[in-house]
Amino acid sequence: MNVNLYGTQGKWVMVDLGLTFADPAYPGVDLILPDLEFIEKNAGDLLGIVLTHGHEDHIGAIPYLAADLDVPLYATPFTAGLIRGKLEEEGIAGQVKLRVIENEGSFRLGPFGFTYVPLAHSIPEGNALLIDTPYGRIFHTGDWKLDEQPLLGRPSTAEELSAIGDEGVLALVCDSTNVFNDAASGSEAAVREGLDAVIKAAKGRVLVTTFASNAARVQTLGEVARDTGRQLCVAGRSLDRIVKVAKAAGYLEDFPPTIDFDAAMRLPPSEVMIIATGGQGESRAALSRIAFDSHAIKLSAGDTVVFSSKQIPGNEMAIGRIQNALSAKGIIMVTDRQAHVHVSGHPGRPELELMYKWIRPEIILPVHGEMRHMAEQARFGLEKGVPKAIVQTNGDVLRLAPDGPRKIGNERAGRLILDGDVILPADGTTMNERRKISVNGFISVAVALDKKGQLLGEPAISIQGIPVEEDRADFLEEAREAAADVAGEGIRDEKKLREAIRLGVRRRATQWTGKKPVVEVSLIRL
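Sequential numbering from 5 applies to the sequence shown in our numbering.
Some clues are possibly wrong.
Said to hold, decoys possible - Computed list of lysine-lysine pairs in DSSO-like fashion (alpha-carbon distance at most 30 Å, straight line):
| id | residue 1 | residue 2 |
| --- | --- | --- |
| 1 | 302 | 101 |
| 2 | 500 | 456 |
| 3 | 302 | 251 |
| 4 | 411 | 388 |
| 5 | 411 | 392 |
| 6 | 15 | 45 |
| 7 | 440 | 388 |
| 8 | 520 | 440 |
| 9 | 333 | 302 |
No wet-lab data here; the hints were simulated from the structure.
With the sequences and hints as input, model every part of the structure.
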C-alpha cells in the first residue's frame, strides 16, 4: 500500500497511491486504503501524483481517493491505460486529470523535476523516478529487479545507471522486499524453460495460474503454449484487461490467439492450456471457481495446475483450501518448490549491491517491505559503503537535506476500509462493532412495558452466532427469564433499565458459553 510524499519549498508531490488486501481482522472487507489525512489538509500545496508502475499496491487506491485530491496524475502509457480503465469503471474518468508521459520522459512540477528511468519488473513499464530538487536528487526505485533477458521493455543498462550516479544522488529510496535473499531474482527467460519442461511432460489439460498484472509472465505463457503445441484459453476478467491494455500500449504483439471456454472444453485435453487468475486463493477468482466446480472450465484427474507465482505470506490458508480441493479431484499440482516456474520481480542482495555501486547515493532510505526488511537493507547498505542510512515507519517526516537525514516529526498515517461502497476508518465504530459481533455473537432483546412500567408478556429474544446449538431453546428461555427479572424490578429511568437488561442477558450468555456477546435492548411502551 505505497504512498510516498516529497516536500520542498512548501510544495508536495505524491509518488504512488496504492491499496492492500484485507485479512480476517477486517471481516466483510476486501480492500484497505491509505488514510491521506495529512495531505488532504495540505491539498492546496499538492502539485500532482506520479505513478511508478501499474501494480495494485501502487495504483489501486486511485479510483477511491484521487478525485478528492483534485490534482493531475502522471504515468507512462501502459500504467495510464490501467488507471484509465479503473477511472472509467468508477464513472469518474471526467473528474481526474490523467497525463501520459512517454517512456523515459521528463516533466516538472513546481520545484520538482521528474524523469522516468525504466527498470525490469514483472509488469511493463516498471520505472524508477529520478527526482530533482533544489537540495539534491532522489532516485526512487519503485519495484525493480535486474534481468539480462527481459521479455517486455528495455530496462536501463548498468552504464546508464552509472551515469546517473556520476551526476550525484542524495538519496536512494529503494525496494527492500527480497533483501534476505542471497541470490539474484533470476531472469524471466529461465522461467520459460522451466514451464516448457513441466507442460511438455503433462498428459491432460494444463492450467497455469499467475498474477494477472504480471504481463511478462503472461507473455512467457503465450510462448510456452506455442512451444508445447497447445491452444491458449484465458480465464479471469483482470487477465483480459491486462492483455487488452498491454496490446494497446504496444506489448504482447505476438501473443497467440485465444479460444473461449467452450472450445477449450471440446479440445482433446492434451491440446489446451489455460491461464487463470486466483493463485493466491482469492475466492471469486477463476481458479477457485474451477476448483469448486462453479466455472465453465472443468478439470479432472490427471490434469495439471501450475502455480507460477510466489505464495504471499498470509495467503497460506486460502491457497491450501484450493489445493486441497484440487488434490481431492486427483489433479497434479506444481509450484516453485517442485520446478523452476517462477522468478521474483524484486531484487536480491546481489542486485541491491550493484544498484548501490551504480547510483552511489549519500543516503539509503529503504521502503517496500516489513520493518525487518527495511532495517536489514539499511544495515546492508551501510556495510556496502553507502555513507548514511535511515529507516522510517509510516507517518515519519524525514529531512533528507540540508542537515539530514533525520526524523523531524510524525503525521497520522492510518488506514481506511472500502466496506461495500462506503469508505470508513479501519478501526472506527463500524469495524470495531463488527469484530465484536464476529467473535462473540449478537443478541437482540425486545421488552414491552405498560404506561406504569410493568412488563407486558414475555421479552422477545433473537440470537445470531451464539454457540448454543441444540440447547438453543433452553438458552432462549433462560435469556427471557433474565430480561423479565430485571424488567420486573421497577426501574423507572429508561436508560438505566435498558442497561440493566443488557447486562443481565449478557451475564446469562456468559454463564452458558463463556462469551460476552453484543446485546441490543429495545424498550416498547404501550
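Now the hints, each set against the structure:
1. 302 - 101: violated, 43 Å
2. 500 - 456: The hint holds at about 16 Å.
3. 302 - 251: holds, 29 Å
4. 411 - 388: This hinted pair holds, its Cα atoms lying about 23 Å apart.
5. 411 - 392: holds, 14 Å
6. 15 - 45: holds, 13 Å
7. 440 - 388: violated, 49 Å
8. 520 - 440: holds, 9 Å
9. 333 - 302: holds, 11 Å
Against the hints set out earlier in the document, violations occur for numbers 1, 7.
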